[in-house]
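J.: Chain by chain, the residues run as shown.
2 protein chains.
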Amino acid sequence: MITRLSNYFLKTLREDPADAEVMSHKLLVRAGYIRRQAPGVFGWMPLGLKVKGKLEQIIREEMLAAGAHEVHFPGLLPREPYEATGRWEEYGDALFRLKDRHGADYLLAPTHEEAFTLMVKDIVTSYKDLPLALFQIQDKYRDEARPRAGLLRGREFTMKDAYTFDATDAGLDAAYQKQRDAYERIFTRLGLEYVIVSADAGAMGGSRSEEFLLPTPIGEDTFVRSAGGYAANVEAYVTPAPEALPIEDQPAPAELDPAVTPTIETLVDHLNSEMPREDGRTWTAADTLKNIVLAVTPVGGEREIVVVAIPGDRDVDMKRAEVAFPGCEVEPATAADLEKNPLLVRGYIGPGIAGAAVLGLEGSTGLRYLLDPRIVPGTSWVTGANKELTHVANLVAGRDFAGDGTADIANVRDGDPAPDGSGPIETARGMEIGHVFQLGRKYAEALGLKVLDENGKLVTVTMGSYGIGVTRIMAILAELHHDDRGLIWPAAVAPFNVHVVATGKDPVVYEVAEPLVAQLDAAGIEVLFDDRPKVSPGVKFGDAELLGVPRVVVVGRDAAEGFVEVWDRAAGTKDRVAIADVPALLGV
Amino acid sequence: MITRLSNYFLKTLREDPADAEVMSHKLLVRAGYIRRQAPGVFGWMPLGLKVKGKLEQIIREEMLAAGAHEVHFPGLLPREPYEATGRWEEYGDALFRLKDRHGADYLLAPTHEEAFTLMVKDIVTSYKDLPLALFQIQDKYRDEARPRAGLLRGREFTMKDAYTFDATDAGLDAAYQKQRDAYERIFTRLGLEYVIVSADAGAMGGSRSEEFLLPTPIGEDTFVRSAGGYAANVEAYVTPAPEALPIEDQPAPAELDPAVTPTIETLVDHLNSEMPREDGRTWTAADTLKNIVLAVTPVGGEREIVVVAIPGDRDVDMKRAEVAFPGCEVEPATAADLEKNPLLVRGYIGPGIAGAAVLGLEGSTGLRYLLDPRIVPGTSWVTGANKELTHVANLVAGRDFAGDGTADIANVRDGDPAPDGSGPIETARGMEIGHVFQLGRKYAEALGLKVLDENGKLVTVTMGSYGIGVTRIMAILAELHHDDRGLIWPAAVAPFNVHVVATGKDPVVYEVAEPLVAQLDAAGIEVLFDDRPKVSPGVKFGDAELLGVPRVVVVGRDAAEGFVEVWDRAAGTKDRVAIADVPALLGV
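Top line first, the protein sequences correspond to chains V and C.
For the first sequence, counting from 1, position 117 maps to 117 in UniProt numbering; every step adds exactly one.
For the second sequence, counting from 1, position 140 maps to 140 in UniProt numbering; every step adds exactly one.
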């Protein structure tokens, strides 16, 4: 069927919509793909629906090829299963909750682990029914606080979510690998560059978790990678512990002159001028310790004040801090928290208050004192002396102080070592385009999904969860594929294969365009035909550039002589082509 | 791709689910098409999703063929537009309402008139942009009080809803006809018999409205039809008013002896024995008047007590009463209502209290007194005399009493006249399978959708709304197409074209079945292949009958001799067929 612009539900806009901040949002609205219904909630016009459908079909094909069965779950789900897994509470304000007329609690599902687990529990009884992989392409809901990035992060959005079910850990590993391979194929088909990074499983629980990140300077996520092949989300980067150093013969702790050290910079200057080291090394901020006071609150649990020591040349990365305390909310301690612990001297906190007493200090806060992984026995530090205006140097871990454990909360920098020994890392920005999780037995345990194993014994099923944000990917493709005139879709998801523009007042233009369009259509080419009789060439060209069909055929002035102009929007070329050659050029 | 039952997400059940009351619900759950997630909310297994997808595709094709453009709107919508049209309130408890994290009101859309109107307002500016027809296939929500009929009436359900936009009434008529024609094609393709009946527009407002009803004794709706072609929903049946009769020479009103007339039956007996009519006609209940007291409450308005006179041989049809008072809630008056109007003598209410005073009665209730359309001038009635135990005969309309208007609330019966003069009607039961409405300008008015007309003047757009419940149609097809062994899908929506069952332990069975299945698959036939090695023939046959693929090919005992058994489930035949003939038999 030929789609004619003279009769199409489309309106292009010259101006960016007022509420749009990112390019994909601006262009998809201006080019008539989507329209805002509410913050983060969009209606789909015919062009948008076509692109979304092609994207979904690519994902569907690869899921089916990976042996997953397609199912479909409702958006509206009852509270109880989410209560059983704890997610009813954990999701906090991001979950849309509602009541039915009888007062029963419901939610608009953000993901469907619970529903899939329960359906599989209803169907599967034996290890022989496994492995099982299921997926759906379905609309999900998350009540984002500030949904301002268009389709990149909406409140109603389409996702492909897949779930695997296995009786054994080895089965889960195989299922995970299959999905991971399918994701690689999907992103390859979409022409999306990706880096697979280790990721923290976060609120989803579970063991192995990787993100597919598209490397781009405009990405919201930071990840790290080494030339040797290591890649991880910054949250998942594990600081390798260096070798312990000998403790013997290290200088004794020395309290520094008060009042000279208001900042780490002045402290380091003071040390270099007044206490030059025997081995000639300069003192730097990396020789100092910052003692960070955090408030850590497990879901449904009590707020705990914790002190974490990190090298003075680093800052706390709060996202990494959340990972270091799984399932907890982590925030900087407040002034009130510090007041309740008078032994913590603000700006001069050191080891020995929490943890084993050193330096003859009396009393203890009773708080946990955790160490950055770099603070191994034998490392020597300059830090607070737990009294006003006073620092101490030559404080040696394992001799003068110890911790109650480690906490890897410091920020990550270019040049830090990859934990697998594959060389220094560099940080880069990326956008999440997919996520694969080994959920393990968390959901199956909570909801009682067990099967009989080979020995007739009931075992809990182990699960994986795999997600691609369909509408998000569409936005990302729009972010990647445009110029200052409009969208330029990759062929795999373009709403049409070719956009034929008939321009000018000469009737011959239409006499030439119509049979060409009919010929292309008959050959299975999806044609968008700009046949609008009273629209100026300038407006038609502008629309063709804005809409983003990758090939444009302009039937104009030279039509009478048998020539058209063929644009390759991605290449930026415009070629004069004999009409007879057009079908072949378009792959007919 | 060949679908193998040895690796398919399916489990059939021998027992009906406990909460299922209708056949379609029982069979679709037992055969593994759907699973309950919450009351009236279902999850879709692969088989169910396939049938639903085919149904959607048929509807989509006919919508596109009718020139409608496909769009897609969110399920989650903001309150404001529904507030503007009054539907936020009108929908009552049937609307799922919720708040976002900022406290803003949202709803889960039951239909999308508002959203479509606003999108079109955003796109369309001139009559030249019209006519416009849009549709979507999308999940909707209604919080049914007792969702007990499976997919027939769920709380989350898939609908095709279409909307048309025109500048003129003639345009709306044409658009309506186009959609109506498309509906006829859709139901014809689905093999669904239908009667198009006039329907009340009800809460949707507007002028012309028709329902497509499937005639079936198990239908929830009653409709009426004449041999001459008239058909209407019972709610939409308009009682034709008979000719007025001469008033002169009619006997004077006569009060009847008290205490002989406790019921209409005793009243009629009394009249026939004590007051035989001069023309010899027998008195019947149709000569008496019932005076019905109703409480009528407009949305957001005040409760009004109204008296309606209907022939004594009829009862009030409360659904027709709701139509007679558009936009109002109608209920029988309560004892308290009657107490507040002491002039209404329960059981003996007559004309003259409300309306013009007759019979020398003093006082008036001040209530509206409305007449059944059959009560035309010159008709004579026996009715209450507005005092205890007393009736009056020979009360002539237009002489002794008059009404403040008509109200067509009496029940409809076989033999009543069709309002178009096409003969007597008969009542029948039906199931609604589609609905087409002329909405008129209600929504466009409320939301300010105007276009410039040919004279450059702003005119309000007139709209139509057209709905088919996709999941409901699937349930109806299941209701119609089954036997006591299971489902028997019509070919157009069957999940597979053929179900090949390999049975028995002889390896030759699989040696024969595999190439046959591969051949059919290669020819584009969708094959479900029961290749389960350890399942008994009985279970396989039972599953084949339950699942409902219309053609079953059993590869068993005779396979070695080159023969299979081909079942035509709808015809109930099982034929021995040479394997070589199977592809041709299946249309290859």
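Note that these hints are calculated values from the structure, not bench results.
Careful: at least some of the hints might be erroneous.
Which copy? The list can't say, so a pair holds if one copy fits it or any two copies do.
[Said to hold, decoys possible] Below, simulated EDC-like cross-link-like pairs (lysine to aspartate or glutamate); rule was C-alpha separation at most 16 Å, straight line:
| no. | residue 1 | residue 2 |
| --- | --- | --- |
| 1 | Lys11 | Asp122 |
| 2 | Lys50 | Glu70 |
| 3 | Lys457 | Glu21 |
| 4 | Lys290 | Asp315 |
| 5 | Lys11 | Glu388 |
| 6 | Lys99 | Glu144 |
| 7 | Lys387 | Glu304 |
| 8 | Lys534 | Glu61 |
| 9 | Lys178 | Glu193 |
| 10 | Lys450 | Asp169 |
| 11 | Lys290 | Glu193 |
J.: Sort out which numbered hints this structure fails and list those numbers smallest first.
T.: 3, 5, 7, 8, 9 and 11
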